Amino acid sequence: MTANLKRKDLVGLLYVLPWLVGFLVFKLYPFIMSFVYSFCDYSMLKPPKFVGLYNFIYMFTKDELFPKALLNTLKYVIITVPLKISFALFVAIILNMKLKGINLFRTVYYLPSIFGGSVAISILWRFLFMKEGIVNKFLGLFGIEGINWLGDPRIAMFSVSLLAVWQFGSSMVLFLARLKEIPSELYEAALVDGASRLKMFTKITLPMISPIMFFNLVMQTINAFQEFTGPYIITGGGPVNSTYLLSMLIYDNAFKYFRMGYAAALSWVQFVIILIFTAFIFRSSTYWTYYEYDEGRF
Amino acid sequence: MYSQNKIVKNTISLFITYAFLILFGLFMIYPLLWVVSAAFKSNDEIFKSLSLFPQKIVTDSFIKGWQGTGQYTFGRFFANNFILVIPVVFFTIISSTLVAYGFARFNFPLKRLFFVILISTLMLPDSVNLIPRYILFNAFGWVDSYKPFIIPSMFASTPFFVFMMIQFMRGLPREIEEAAIIDGCNSFQILLRITGPLCKTAMISMGIFQFIWTWNDFLGPLIYINSVEKYTIALGLRMCVDSAAAIAWNQIMAMTVIAMLPCIIIFFAAQKYFVEGIATSGIKG
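So the sequence lines, in the order shown, correspond to chains A and B.
Heads up: the first sequence runs through residues 1 to 298, numbered per UniProt numbering.
Heads up: the second sequence runs through residues 1 to 285, numbered per UniProt numbering.
Check before you lean on any hint, since a few could be wrong.
Quick list of the computed label-pair ranges, beta carbon to beta carbon [said to hold, decoys possible]:
1) Ala-195/A x Asn-10/B: 38 to 48 Å
2) Ser-196/A x Phe-20/B: 12 to 22 Å
3) Pro-173/B x Leu-141/A: 16 to 26 Å
4) Leu-198/A x Phe-20/B: 16 to 26 Å
Hints were generated in silico from the structure; no laboratory data involved.
Bear in mind the structure is a predicted one, so any value in this text is a computation, not a measurement.
Glycine included, each C-beta is placed from N, C-alpha and C at the ideal position.
Build out the structure end to end from the sequences listed, making use of the hints.
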């Protein structure tokens, strides 16, 4: 019996082996090395040279682009994540109603999301928000004078962020799936008790969807911190670096100037910031997420 | 009287709901419809009207755009995308299913720890590994080939898919599998004949997501692919926009439409798998 069990264990391990090897080679090893490289000067032509904290000191004292990119990235996250999630929830609640033709609307609202951070959609965005582009043409219909959406350093980040907000589809589908699982008895009971709509929303709907809210928040935050393609294609980081993000700084240092050590240090700073934000969401979630079963908890 | 009031109230709220859904929906879909119509417009007209219907339908933007600006046509980039994407999708499905089967149906030492690691990598930002992975693949001699995409896909490297598959398999009844064990099937035969076929929908939605993500990927090819001959659609489009500056926007729009087309076709052909995939795994996007 025990021999049998052992054999079965080994078989199970065998199935998991590809993932284990992949994890060690493509995730754990690079993860450790990225930490090591961040203390090195490494151009790939010569072996890495240990420079201690130099990369980090340089980053915080000499690199003028770093504070700019950091601030821009925070701005991007703070604009996109709350807007995207509130749109997703709002539309999901409406789409959860029993209405005729609801599937068509679901398709329409989800469709923009399938293109994700693709070059095609970024080109489209650049074109829509150009000075002579469609958005301004549309505003012109109402007699509003065109705004320099991508050329004005004060507005460019907002215009670029809208692309991510527009793609709220997958968060929406997650909310929708959860909303469907809320037992209707809860609402019926509340109705009998004479609860208002607002009360039902805050006392039933919000607590019931809070785990999904949490999941969306974590995932969208992690993704937003790493955004690259959209701003890179739409504005190239301009005007006057107003949409230049951390991911672009990492990319430029690594693949344009081949400063691999410095780029690794930057990516670690990015990683630590993401970690702090996620940890904050995790910690705070104990106060606002509700789980029916404890296993659901992270 | 009361009930009639209620009916009127309901009708009004229904009307408002529909009005909102339609208006907001138009805003959502307009950019996508517009890019299609722009591809059929003449270059002057693109900037002139908001209309989705071209005054004069132009089709040569597709032909000229397809020829590209350089040595290679979009046919080349398009073919390259398929050469890259198809093996990635194929290996992702195979490897993720095998690994999920191991997690969902077996007990082995350290299983809990491995599962926790799998879940944590779900939240590990890719960018922290970007640089060492490039250095590693460069040392392997994989740069300027599709190996940096295809080989990791053989090792179930997207934790999302493994997790989604595990969740799906846990929902399957075990009775048939147990019956098959009694009949003398080994675990691989069970996977091949019973569990695998039952997982078909999850496998398809995994394949669809991997297809669309890899198809649209930009940063990966930007880093690993150097020679224009091996460019993917994303790189080809970028090159086109950068070199074209102000000319022939309708050609660029035409190629943008072409680049989006496979995703649109897949989306409409497989909508139910799509929603299922997102709902079971909470996929990003």
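In rising order, the numbers of the hints this structure does not comply with: Violated hints (numbers, rising): 1 and 3; every other hint is consistent with the structure.
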